[in-house]
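Following the hints, position chain C against chain B.
In order, the protein sequence lines correspond to chains B and C.
Quick note: the first sequence, position 196, residue 1152 per the working numbering, numbers continuous.
Quick note: the second sequence, position 57, residue 68 per the working numbering, numbers continuous.
The hints are simulated quantities; they were obtained by calculation from the structure and are not laboratory data.
Among the hints, a few may not be true.
[To be verified] With the C-beta cut set under 8 Å, the calculated list includes, among others, these residues of chain B facing chain C: (1) Val1006; (2) Arg1094; (3) Arg1143; (4) Ala1148.
Virtual Cβ for every residue (Gly too), placed ideally from N, Cα, C.
What follows is each chain in one-letter form.
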Amino acid sequence: MGADVNQLATKAKALYDQGNYRDALNVYEQISNAQVKDSELFYNMGNCYVRLGELGEAKVFFERALIFNPTNADASYNLDWVNLRITDALVEPRQELTEWISIVLRSIADANTWALLSWTVLAVVIALLCIHRFSNLRISWRINLTITLIGLTLLGAGLISTPKNTNAIVIAASSYGYSEPTTQSTRIVLLAEGSPGKVLNTENEWSYIELGDGRRGWFNTEQWMRVFPELRLD
Amino acid sequence: MWVALLLSSALWGQGIEINASSSRTTVGLNEPFRLTWSWSARNTNLTPPNFENFIIVSGPYQSSQTQIINGSASFMRKVTYEVVATEEGKFTIPEATLMDGGRLYKSNTLTIEVKEGVKRKNSLSQKAKESFDVKILTSKKEVYVGEPLVLLMQAHLYEPVRDLNILQAPNFENVLQKELDFEQSQRSEVIDGKMATVLDFSKRLILPNKPGTLGGQELKISGKVQVPTGRRDFFGMPLTKFVQEVATAEIPAVKIKPLPSPKPKEFSGAVGDLKFVREVSRKTISGEESITIKVRIEGTGNFNTIAVPELNEPQGFDVYDPKYNESIRYTERGVRGFKEYEYLLVPQFKGEFLLPAMTFTYFNPGSEKYETLRAPIDTLVVESNDLAASPQGGSPKDVLKREVQNIDEDIRYLQDNDFTPYVEIQLKKWSWIVLVLLGLAWGIQALPRKEKAAVTVSRKKGLKRQVDKAFSNKSQDRYGLMLNALEELLLEQGIGREANHQEALENSKGKEVADNFTYVKERCQLAQYAPGSAADDEKLLTRFDALWEQM
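The shape of chain B in the complex, shown without the other chains (with noise of 0.2 Å):
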């Protein structure tokens, strides 16, 4: 499999540096299909949508590559480029303090290592309780706490890192919000083209979002893409 979407990967490329962007873009989406989530990926498609002049999806792909390595240098420049070229709504969503510790952690490793690791600290710990309690070897109850703790802080580390972004970006050219989830109530806000804004809810082809400033709107959803995960918004 993993060769497999490497050939892909080099025809991909290929295609691109002949200008058959949406060809490009085909063949990574094929190589997204087969379950590979790389930032890479993710990275190389947000340029193909930006050679297309689809900015909106653009900069959901650049985001998305920013989720799996926030260190993805390249994805943040090509991201701060897109931003230059488009108009946003208001402001970004606000940053909870649990997403910015998130991306601090996925800086260092993703949620799976984190995972792992606190799993293989909580195996000792547990293997440790095991030996004091059934073997004559004595081992000091504040050794076994301190590691206990450190396990369960890595545990945290590997949930908190987990991606729970629900934000999503007008990828139509503009996006009416309505007071209420049907076209005959009272337009709220017209967002242009890369506009982000978090989802709270869904119903049918409506979308509930707030956006950065705190407004709320009910958009169709065939206008946004979320970030992550790759679905559209229903």
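Same frame as chain B, but now just chain C:
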């Protein structure tokens, strides 16, 4: 009664007889021949049959003839058509009909056999056949759906020909077909070793709507060819006459390719070389003025199917139904012109309002790519003291954060990586399992021990260190500490609660250890209660160390 019978039979005998005849019963394809119907009745009109499988090249020619022989007058009318067959086969030309005096009269039917390559009946006719032909030239061998194609119809005249006439034009399905304004031209060329006059007589623009193959359709033209009769006039000059002749040509196959897949989801269906324009008359107005916005598609493309995108309406304005303008010309390069919606916007509130961006995606056959054209976001400003501010909440100024001009920088290039499929770890599930196990591991520590009280290795080391330190410092509680250490040792051996330690130790560790234990214990107790009788500390510590090692 006999008289009546004779009269009626005489009247019956005066019925109109219609005679149908053909100049040839076996003809070649594209060989004109004549069909004639004759009948004897005045003031009557013949209804010709349906000429299915035949095309009328010329006619009808009508003639009438009156003869008076021995005082008896006879009348004869004739109708003649010159026709040509459209395909090979044996065809029956149905009867022509005529109404007279309330009665319907019918002619006989004719059977005509049409064969390819039938030899002409005389050299004159054969020569006429070879005197001109027709050809269709296509501007491209393959085109995309919606891409223009030009057909040039060309006649090659080897003899003088006049009255050229298109009998049957190619008939296409699923295409837009337009005759182009075109100035006919003629020139001389050598074709197949013969000098010919080449006449470009028609140009057609074709815009295919569906993929497939264009070809096989026939063009038929007729013309009158001047051919020598072989006779000479009074002055010795050769006599000529004009003969009707038909030539056909088929369109060479042109492949109509479907548009490349996948099509972008916002693809408008437009194909060509197009521009998308959004013109805003004014961006800053007072409350009494209005704004005109024109949304226009212009250039060369399949304007027959192009739809102009609707305006994304800004807030704060009344937008009236748009006025539609179009100007389309059919040229050799395709359909050129524009289609446009003109919107009138009347302000309802004062403030700054966002005119949303618009996009238009079309297929460019030149680059063979889908291209997206964008009209960027704009700001419309209404300055008025009479109008209220927008009640929609939030100044639209806030909505528009920034719009930055392009700078001379580009995105960074692709990244390489060995991609591996992501392995999903059920993080929460396994974490819960580990936590439960951890809880159990801590839980079992609280269960009562069966025999042994816990004296940890570190604790033992600590006790020994304390005793050694107390004796080196000559601490007053050194004997108490030594007794505590002994008790801990007994607990570790599981005999801490035994009534007789001496006996228990003898059973488990031997007499020497038990005696040693008793000696150290007694000396310590004695030294505690009678410091004057204190034993030699060095000797006591040596015995204690030995006992510690033994136990």
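Going down the list of hints, with the structure as the test:
no., hint, verdict
1, Val1006, "holds, 5 Å"
2, Arg1094, "holds, 3 Å"
3, Arg1143, "holds, 7 Å"
4, Ala1148, "holds, 5 Å"
Of the hints listed earlier, there is not a single one the structure fails to meet.
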